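Starting from the known structure of chain A, arrange chains B, C and D with the ligands on it as the hints suggest.
Protein sequence lines correspond, in order, to chains A, B, C and D. Per the working numbering, the very first residue in the first sequence carries number 1; after that it's consecutive. Per the working numbering, the very first residue in the second sequence carries number 422; after that it's consecutive. Per the working numbering, the very first residue in the third sequence carries number 843; after that it's consecutive. Per the working numbering, the very first residue in the fourth sequence carries number 997; after that it's consecutive.
These aren't lab readings, by the way, just hints derived from the structure by calculation. Just so it is clear, the structure is predicted and the values come from calculations on it, not from any experiment. It is possible that part of the hints are untrue.
Stated by the list, open to error - In silico BS3-like links for lysine-lysine, alpha-carbon gap of 27 Å or less:
(1) D:Lys1014 / B:Lys840
(2) B:Lys840 / D:Lys1122
(3) C:Lys860 / A:Lys419
(4) C:Lys947 / C:Lys968
(5) B:Lys840 / D:Lys1019
(6) A:Lys419 / C:Lys865
(7) A:Lys419 / C:Lys968
(8) D:Lys1128 / B:Lys840
(9) D:Lys1128 / D:Lys1138
(10) D:Lys1138 / D:Lys1122
(11) C:Lys974 / A:Lys419
Stated by the list, open to error - Some chain A residues near chain B, calculated using beta-carbon distances under 7 Å:
(12) Ile44
(13) Asn97
(14) Gln138
Glycine included, each C-beta is placed from N, C-alpha and C at the ideal position.
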Amino acid sequence: MEGLLPDLEVVRKDFPILSRVLADGRPLVYLDSANTSQKPQVVIDTMVDHLERHNANIARAMHQLGAESTAAYEAARDKVSAFLGAPDRDEVVFTKNITEGLNLLANTLVWPGQHQVGPGDEIVITEMEHHSNIVPWQLLCERTGATLRWFGITDDGHLDLSNIDELVTERTKVVSLVWVSNMLGTVNPIDAIARRAHEVGALVVVDAAQAAPQLPIDLAAMPVEERPDVLGFTGHKTVGPTGIGVLWARRDMLDQLPPFLGGGEMIETVTMERSTYAPVPHKFEAGTPPIVEAVGLGAAVDYLSGLGMDNVHRHEQAVTAYALAGLATVPGLRVFGPLDATQRGGAVSFEIPGIHPHDVATVLDSRGIAVRAGHSCTKPTHARFGVQSTTRMSSYLYTTPAEIDALIDGLEYTRSYFKLG
Amino acid sequence: MEGLLPDLEVVRKDFPILSRVLADGRPLVYLDSANTSQKPQVVIDTMVDHLERHNANIARAMHQLGAESTAAYEAARDKVSAFLGAPDRDEVVFTKNITEGLNLLANTLVWPGQHQVGPGDEIVITEMEHHSNIVPWQLLCERTGATLRWFGITDDGHLDLSNIDELVTERTKVVSLVWVSNMLGTVNPIDAIARRAHEVGALVVVDAAQAAPQLPIDLAAMPVEERPDVLGFTGHKTVGPTGIGVLWARRDMLDQLPPFLGGGEMIETVTMERSTYAPVPHKFEAGTPPIVEAVGLGAAVDYLSGLGMDNVHRHEQAVTAYALAGLATVPGLRVFGPLDATQRGGAVSFEIPGIHPHDVATVLDSRGIAVRAGHSCTKPTHARFGVQSTTRMSSYLYTTPAEIDALIDGLEYTRSYFKLG
Amino acid sequence: MTTDLDALYQEIILDHYKNPHHKGLREPFEAEVHHVNPTCGDEVTLRVHLAHGPQGTWVEDVSYDAMGCSISQAAASVMTDLVIGKPVGEAMAIHDEFLTLMQGKGQVEPDEDVLEDGVAFAGVAKFPARIKCALLSWMAWKDATTTAQLEEAQ
Amino acid sequence: MTTDLDALYQEIILDHYKNPHHKGLREPFEAEVHHVNPTCGDEVTLRVHLAHGPQGTWVEDVSYDAMGCSISQAAASVMTDLVIGKPVGEAMAIHDEFLTLMQGKGQVEPDEDVLEDGVAFAGVAKFPARIKCALLSWMAWKDATTTAQLEEAQ
Ligand SMILES: Cc1ncc(COP(=O)(O)O)c(C=O)c1O
Ligand SMILES: Cc1ncc(COP(=O)(O)O)c(C=O)c1O
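One chain only, chain A, in its complex shape (with noise of 0.2 Å):
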C-alpha cells in the first residue's frame, strides 16, 4: 500500500504494549489514539534511565544530579521548540495537559493587563470544539461579561465561514479553534482564519492535540498574519507520557500576561507583602515541574522527528483513506466529517443505525479491537450532527492496513451479532 511508513513491523517492535494479548488470547488492535497514543520503548527508557540515575530537582538544585536533571528538563524545551519550530525556545511553556495550557490563557485574560478582557467584548470558538476548548471560555465569559460566539459546522463537517466578517469583529478578542477535530477528523484553515482574526486585532489560539501527532509544524514559516499567537498540544497525544503539555506563545504576550498559578519558581523574589515574577517561562510553571514528564515528551518529539513527521503525516493519510473505503462497505454505517482523507485526520467518528455505540465498542472490544464510544468530549459538535454518540476509531503511525480489515470484519460480526438485515 502506498504511503505507508517504512519499515512498519520495525516500528510497531517499537511499541511495546502492541505485542499485548488481551482476554481470550486476542492480540491487541489499538485503534484509540486519538484518546491517547502508545509510547515506544525509548521515551519509557529515557524516563527510566532519569529516575535511576537522575532524578533531582530542577533549577534550584546546584548539585550535579540537579546540573543533570536541569539540563535534561531544558534540553526538552529545546527539543519542544525545534518540533515547533517555535521563533524563541522561551516561548515554550510546560504545563500539565493542554486543558491546563487553554485554561492558563482564559484565566489570565481576566485580570488587568493588555489583554484583559471585559464586558462588550466577545470570544469566538467553534462548534466543533473539545470541550477543553469550550468550557475554559465559558468560564471566562461568565466571570468578565464577555460575550461567547462560535463558527458552526456544515453538513459534510466543515467549519461554516459563510459569516466570518460578521462573527469576528472589532469586538472581539480571542478566537480559538481546533486545528485537526478529534471527532469530525477536519483540519481547519487556520491560517485563513488567523489571518481574518489578526485585522481586527484579536488573539489566535490554537488546539492542535490531535494535529500535533500527525502534522509537521513550522510556527517560525508561518507569515506572521497567519501565525497562531497561541498554540497547544498534549503530550500523551504525541507518543509521550500523561502529565506533560505545551503551550507555546508569543513572547510578547506571555510577558504581558499576569501569572496563573504562582509559587516556587515563577517568582524572582518575594515578601511577606508583595512578590515579583520571573521571566517567561518560569513565570508560568509554578512549582515543581513535570520534569520526568518532560524528558519523555522530549525523547517523544525526537522520536517523531526521527520517522519524519511528513512521514507520519503520509502514513495517516493512506491509513485512513483505506479505513474510509473499509467504513463505506459496512450496510448502514454513516461516517460524521470529510470522507476525502485529504482534508481530515485520522480519527473517524460513525454510527451504525440500530446499535449503540457503546454495544459496537464492547462487541468490538472482546475481538480485541479498542475503539472509543461516547461523545469524544465534543457533545456540542454531536448535538450539531443530531446523535448523542458514537463510534470512533483513530488510527496512528503503528496502524496496520491489516488493522483495519479487523475492524472492519469486526463491524460485520457486530451486526450480525445484533441481527441487523
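This is chains B, C and D with the ligands only, laid out in the frame that chain A set:
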C-alpha cells in the same frame, strides 16, 4: 544507632540512584530529599508496567486497556486515601503538584459561592511558608481586596502564637500554614491552630509537602475541630514521580466550590451556551490527568506504608538528631530552627559565616555530597533571620549515619578550603 | 466462543432493550431527576410517584425517558419491573442487592428471588466500563425517591 | 585532587571576592537596575554612567551593590575593571566574549588580551549551576547600559 530503619542497607538497595557514582569516582551522598526524594525500584517498575502493558486514557475509554488503566488510576486514589486516612476517597483530588493544589483553592475562592472571599476578609498565613503557600494568597488578596496577615516566628524557629486571638478573628476566612517547615524543620501545632480557626469559622489549609513524607497522617482519627479542611502534598517528595500532587478537602467544601480548570472529564454535560459539572473528585480533574504518575504515586505510598510511617518517622528523628549533633561540632556554624530533633523534621538549614552557601554547596558537591543552597523557596523566612540564603541538608528514609559523617567531614574541608580559622 | 459477550448480552437484556417496560414520563410524581453518565453521555430523566397506606410508603409508579445503550435501557426497564408496587424499604433493598451484584467483579451469585430479570445483568459485572450503564437508572431512582421522601417530610 | 574545584576557585577570583573593585553606588548615573537570580536569591543593584565625546559614547562609571557568592561578587568586580573607560561598543564585545566563555562548557579557550582577569572564570563553565552566578552582574550591566542609551536617544 537507635531508631534507624531495620535493614537500612536492604532498603537502600531499593533505590537505584543511590549506587550512582559521580565525578571523580565519588559515591553519591544525597542530602537534598526535602527538595525531591529519590524513587524506589517498585515505583519505577509500576510506571513501566503501566506504560508497556496497560496504557490507555481513563474513564472515557471503554475497552479492556481503558478499564485496566481506569482501575489502576482509581486504585491509586484509594491508596492515597488510605495513606491520609481520608474520611472519603472521593475527597482526594489529583493535581500536578501541591503548588497547583494550593492555587486551585486560592483561585476558586475568588468566585461566587459559599466560601467566596471579598474586601474586608482576611487570609492568615505564616512567615514560615514556602513561596507556594504565599504567592497564591497574595494573588487572591490582590484580586478580591482581601487582606493578607501572618504569624511571625520566634528566635528559636517556632511560630509566634502569642497574638493568635488578634490575628485569627471573625474576619478570617482562611488560615493556611505549613505543617513541617522546609527551611526550619519546625513541626507546627496544626491542631491548636485549627481549633482556633474553626472557632471563628475560618477554613484551615495545611501544606503537608514535608509532613506527608515523614509523619504518619490519619485525618479520620483527628477530632473534627482540629482536622484541617484542606490538606495537600506533592508526589515527588514522597518517593513518587513528578507531575502528581494531592489535594484532599472536605467533601461538602469541594462540592460547593466552583470549578477551577474547565474541560474534558470535569463536565456533566456541555452545550455551547452552558455546562454543568461532574461530581467530585472529577470536577477538579479537567483534561487527561497524570495517569501513570498517579499510578506511580499509588506504588509510592504503598511502599511507605510497607515500611511503616512510624518507622520512617523514627528513622528521620534518629538521623536528624545525629546530624544536629554533628553540625554543632563545626566551628562557627549556625543552625536555623529548633535544635531539638523531636520538635522538627529532617530539613536542617545552616550558615557558616564567611562562606557563602553556594560556595559551601559547590565544595560539598565536589565530594559527591548533594545539598541545597539558596533561599529554599522561603525568602521571607530567610529575611526573618536576616540571611539571604542558607545551606540545607535534608535526610530521608534511606539516609545513613555514615552519610552524615561525610557531610560533617565535607564541611570541615570546606572551612579549610576557604581558609577559615 | 465469546462467552463473556453472550453473558453480557443475554436474551432477556436484548428483549427489555427492544421492548422496554414502563417507558415514558407520566403524572403524577413527587420528584423528577435528570442523571447523566459524564463519560459516555447516556442520559435518563426519571420520575417517582410514591403512595402511602397503613403499611407505609410504597412505590406507586416510576416513569422515565432515557437515551443510551442496550445495557442502560434494559436496566431501566428491569428496574421499574422490580420496584413498582414495592414498599420503599424493600425497593431500596433490591437496589442494594443489584449494586452489590454490579460491584462484585463477577464473583457474586445473584439471588433470582430478589432480582428476577435483574439476574441477567450478572455478566455486566465483568465489563467494568459497562457497570455505570447498568447503574444509571438505579442511581436516578434512588435519588428521586430520596428527594420525594425528603420533600414530603417537610 | 579536586582540580575542577581549584579551577573554579582561582586565587584571582578569591582576591576579587575579598577586595572587590568599584563597589558601592555612586552618582551620577543614567540608569539603575536591580537584578536577581531567582533560583538562589543573589542580587545586584547596578548603575551605569555614560559619557560622550568626539569618538562616541563610553562607559564612564559602573557602580554597584551586590549580595551573593564568591563567584558572583568576583565577577562584578572583574566586570567593572573591564568595562569602565571603554567605548560602549567595545565593552559590549567584551560582554559577548565573556558570555561565550561561560556557555562554552569548558571547551572555549579564553582570550587573555580581551578578558584580562576574566580568564580566571574559565573554570566556572564546568559548573552549570554556577554560570548564572558569574553572569548576574554582566547581565545587569548590559541591561542598564541599553536602558541608558535608549533614554538618551529619546
Ligand atoms: C513546604 C513546601 N510546600 C510546598 C512545596 C512545593 O511543592 P511542589 O513544588 O512540588 O509544588 C514544597 C517543596 O518545594 C515545600 O517544601
Ligand atoms: C482536540 C482536542 N483538544 C483538547 C484535548 C484535551 O487534551 P488533554 O485531555 O490531554 O488536556 C483533546 C484530547 O482529549 C483533543 O482531542
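Each hint, compared with the structure:
{"no.": "1", "hint": "D:Lys1014 / B:Lys840", "verdict": "holds, 12 Å"}
{"no.": "2", "hint": "B:Lys840 / D:Lys1122", "verdict": "holds, 23 Å"}
{"no.": "3", "hint": "C:Lys860 / A:Lys419", "verdict": "holds, 12 Å"}
{"no.": "4", "hint": "C:Lys947 / C:Lys968", "verdict": "holds, 6 Å"}
{"no.": "5", "hint": "B:Lys840 / D:Lys1019", "verdict": "holds, 24 Å"}
{"no.": "6", "hint": "A:Lys419 / C:Lys865", "verdict": "holds, 24 Å"}
{"no.": "7", "hint": "A:Lys419 / C:Lys968", "verdict": "holds, 23 Å"}
{"no.": "8", "hint": "D:Lys1128 / B:Lys840", "verdict": "holds, 25 Å"}
{"no.": "9", "hint": "D:Lys1128 / D:Lys1138", "verdict": "holds, 15 Å"}
{"no.": "10", "hint": "D:Lys1138 / D:Lys1122", "verdict": "holds, 24 Å"}
{"no.": "11", "hint": "C:Lys974 / A:Lys419", "verdict": "holds, 25 Å"}
{"no.": "12", "hint": "Ile44", "verdict": "holds, 5 Å"}
{"no.": "13", "hint": "Asn97", "verdict": "holds, 4 Å"}
{"no.": "14", "hint": "Gln138", "verdict": "holds, 6 Å"}
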